[in-house]
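The hints should help you fit chains B and C onto chain A, whose structure is shown.
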Amino acid sequence: MDYAILLQILDSTIRLAVPLLLACLAGLYSERSGIFDIGLEGKMLMAAMCTGAVAAMTGSVWVGLLAGIAGSVLFAVIHGVASITFRGNQLISGVALNFVASGVTVLVAQSLFQQGGRTPPLSGDARFNPITLPFADALSGVPILGPFYADVVSGHGALVYIAFLAVPATWWVLYRTRFGLRLRAVGENPASVDTAGISVVRLRYAAVVITGLLCGLAGAYMAAGLQAGFGKEMTAGRGYIALAALIFAKWRPWYALMATLLFGFFQALALRPDVIRNTIGFDVPVPALDALPYILTVIVLAGFVGRAIPPRAGGEPYVKER
Amino acid sequence: MTRLPRWADLVLVPFISLALAGIISAIVILAIGQSPWEALRTMVTGSVGSAYAWGYTLYYATSFMFTGLAVTVAFHGSLFNIGGEGQAQLGGLGVALVCLALPWPHWTLALPVAMVAGAIFGAAWAAVPAYLQARRGSHIVITTIMFNYIGAALIIYLLVNVLKPAGQMDPATARFPAGTALPTLSDLPLLSLIFDKKVPANVTLFVALIACWLVWLILWRTRLGYEIRAFGKSEPAAIYAGISPFKVTMIAMLISGALAGLMSINNVMGESGRLLQNSSEGAGFIGIAVALMGRNHPIGVFLAAILFGMLYQGGAEIGLWTSIPIELRTVVQGLVILFTGALDQMVRMILGIFFRPRRMEAA
Amino acid sequence: MKATGGNASGRQATAAPFAIELRGISKAFGPVQANKEIAIQVAKGSIHGIIGENGAGKSTLMSILYGFYKADAGEILINGRPTVIPDSQAAIRAGIGMVFQHFKLVQNFTVLENVILGAEDGALLRPSLAKARKVLGELAEEYELDVDPDAVIEELSVGHQQRVEILKALYRHADILILDEPTGVLTPAEADHLFRILRNLKEQGKTVILITHKLREIMEITDTVSVMRRGEMTATVRTAGTSPEELAELMVGRKVLLHVPKGEARPGRTVLEVKDLRVRDDDGVERLKGISLSIRAGEILGIAGVAGNGQSELLQVLGGIARGTGAVILNGESLDLTGKHSDGQSRRRRGISHVPEDRQRLGMIMDFTAWENMAFGYHNDPAYQKNAILMDNDAILTDAKGKMERFDVRPPIPTLPAKSFSGGNQQKIILAREIERNPDLLLVGQPTRGVDIGAIEFIHKRIVELRDAGKAVLLVSVELDEIMSLADRIAVMFDGRIMGERDPATTNERELGLLMAGVTGDTAR
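Protein chains in written order, with UniProt numbering: chain A, 1 to 322; chain B, 1 to 363; chain C, 1 to 525.
Treat each hint with caution, since some may be false.
Said to hold, decoys possible - Under the rule of at most 25 Å between Cα atoms (straight-line distance), these lysine-lysine pairs were calculated in the BS3-like manner: (1) 36(C) / 247(B); (2) 233(B) / 247(B); (3) 36(C) / 320(A).
Claimed, not checked - A short list of chain A residues far from chain C (calculated; beta carbon distances all over 10 Å): (4) 2; (5) 7; (6) 10; (7) 57; (8) 87; (9) 121; (10) 139; (11) 143; (12) 154; (13) 189; (14) 209; (15) 261; (16) 273; (17) 274; (18) 277.
Since the hints were derived computationally from the structure, they do not count as laboratory data. Every value quoted in this text rests on a predicted model; they were computed, and no experiment measured them. Virtual Cβ for every residue (Gly too), placed ideally from N, Cα, C.
Extracted from the complex, chain A is given alone in its bound form (with noise of 0.2 Å):
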């Protein structure tokens, strides 16, 4: 595989990547703060028609990305009513709002424009364009780093370079602040939060509406982004990848950015089998690259390597006793 080649793959795997890792991060407040959440897909493509429906009306990507995140945190509310304040199953609420999700953007998308459950292609300012780092023209004469930093880390989407601050903002607020300490406190042992008199139910909402915002931003990047669209079923399981790749990090920030990574550039290859045939002498189907981050994930799951172990009150509503 020539340079080139690598560096083309590596820029989609970071395009890949993006919704993964947003939607992993989503993943990550909720199932922190104890509400086991296999809705994200659900969110995602709610966000992704809001923002491929509202920017093609309007013609701005902006402020498609704000309707995309009231589509997600709308979801993400009703899910918190359902597992915060009725207490009930966590993972019912999930797949039935993943349900609800796949039909409802469907039937909108369909009403608003006839065009078979899509959005208009949008472009110009209806996307995400791409930003050109400084110095990426200047560079890119310098070997090996130069034309890495001018295709690979520069010319993307807002949001891509959102999603990696991203990490390192999750990191600082769960590790740094009062918040994280309280959100992780809660999904650890919420009795320990209750008795030092801080509300369980208020920081698992505030938990499900940042879930909802980061699955916003990745629904907006699946239609305005990596995509000029919405189509349906556009996410296409990305959400339960992400879901896969938070337990493969292990509910951990800067591992749930190398799990998605890797994820990604799983996908990536997947879509240039003639490279991998070229680079290894013989076929990889493409089915198995496709089915390796489950299997990864099943493993991590029996702990056959490093135990994955979930927040320990993770799933169970919370009732007060002594």
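Structure of chains B and C alone, referenced to chain A:
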């Protein structure tokens, strides 16, 4: 927790949940500028308005009975098997391998072997998550989700690289021999008087009815069912009684996977006559809604499966004849799961307003 | 003049107000009156003990004080001021700190993180952590409360975890520290250290409330002690002016001694022989530390002891719920304690029946019907099978109906779910199931807990009948008079060991009470 009379819990909770799902769907339909009334009319006529419509409704209902039962059996062992989708697809692989293995002379010979293969393949796909749950405590919900995707990838690989006949374009197996074709309801004596046009509902429907009865028998008439239900209600008590959590977890999941796998004799063998990509078409997930709506009882599952059959078939008609997209049925499905499975406390609270709180009598 | 006098006494009261004063606190959970008109006064800078049996209402009272429950009636005064405590935040503000029996710590947090949780100084952690580190250093010095501030909780011993809980309270400027059964999880050395800490706290003017059921602790460390029994405060005395014997009596109370018509025991061959039985719990803590005992046919061995001293584990390992080491010989053959045949099914096959202590959690499936529960654990019995595959539900139902009638279960309707029966009738269902199996050995834990008087008599009669039929009975109960009236021999358990055996004819409640408190003849003060 609001405590309701038993009949209200069994009948009213699913009914109110369905009504709530209906109301919200109606609001969605209104919001997209369509008529809910028109939608309902199309749906009802399209799903139960004629024998032909019933032929489709029952076809879907057959699949949903299997997946609904699959979820039900696992639920009774307090296991949430969300992997019906993958188990059904793997079951389809088993069925396809059997059907393609021999030039079957008659369906009566092919069907039992195909059933066994479908069940074994489905059970095998549930076995790993079950083992990981029972021995290593890996959350079965997550592992079964993962196995759905792994299963789908495996099937695609096999279809594209192994099972696809040379020269064929689409990723699918060859057509099954004619001797494996299951008679549809329109092929059967007497029933053909009702179903005068060719319908997809086939003899698998009767297998599904037998499965409903068998699941009821297992759960409420055998030691195994007794142990599954006891374990599902209280693990500490089960251990006191000498019931092995490992054994119960494994067996409940194997039965669950086998039932999901059995579904494929309906769609793969009975309808398409070859194995296609994504053969289960979401029926594994609808099983969750069916089980929740049917209160985890085979009779309830039977009724809920027919209801979802109507929804599925009626939804297709809506997609065909109105401007409302077919995806409406996914919305209703999701809402039913939400209200029956996650917001059931809310539904009970609503109902509790109408029932004065009363203490269960104890002398 | 009179008015002035009244004023003077009023002033005197405000001059030295009590740290805590409770007036007429009542709390009911449904029909159960957990606290009845509780009044208590705790002087500032003292250590006040609250003693009582399990279920006497101690923890409920303290939960009211910490804002977990709202009292139905009554008044709380902190430092003489009426205070409303609607939540834990208010309790903390009022200067109350609580060390729960089950610690409220985040297991994978460091000590520092646990200490500042909820008491942070700002949105960023760094300053809070630095301050806490400094304060912890000071507290460690002052009270012998040294804990590595950077240690992760799950790597600390239980004793150290408890210190973190105390530090948490002190960091929040608690002046009143409540400890709920603090020594239940501690080794004797750790308990001694805890008491040193508590004395230091007292010297610094803090008020300590110690909830316990251990007489020795009360005698060792408290200044005053209140005794609770069945939701009521029966006495408050100065510790120096009382004795363990008197407290034991106040605690257990002179209940109407139930008369159990019981003839002389005629013990036969040895049915059960236990040698050096040891059990560890999931956390690796040794709960049974070498138990040896034997029971003969036709006798009831009563195990007395305060709850949590290993009786549950003894029942569990004999009943096939827990695993252990050592030797258990039943009818001359040894029982499997760890392997394939150490489960409840194997035990039942060998002729052991088990009425568990916690009937609702272990003994039955609350959602099952009464008849289904009648087969629970015996569902493999050939008599309950129609053929190789199907169970004979009709046979179980008929059998259940007979058992319910013979054991006077009310209402005698086998199709009702178990949860709709009263506690006493649930217990009768379990007893009917286990006793009518005609076992060689009956394990029975807390047979009359939460059972009404009428049923108690009935249950006692049935247990004696089984003995008279030549069966061996192992009876575990925290009710001393139950043990006294039923058992033919009494073994007292304390801290996973058997402290001694007594003959009910010659012993008395005081002697047993001391053994239960871990005080043997030679160490009694």
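Checked hints:
no.	hint	result
1	36(C) / 247(B)	48 Å, violated
2	233(B) / 247(B)	16 Å, holds
3	36(C) / 320(A)	23 Å, holds
4	2	47 Å, holds
5	7	40 Å, holds
6	10	35 Å, holds
7	57	39 Å, holds
8	87	18 Å, holds
9	121	44 Å, holds
10	139	37 Å, holds
11	143	43 Å, holds
12	154	33 Å, holds
13	189	5 Å, violated
14	209	18 Å, holds
15	261	26 Å, holds
16	273	43 Å, holds
17	274	46 Å, holds
18	277	46 Å, holds
The structure shown violates the earlier hints numbered 1, 13.
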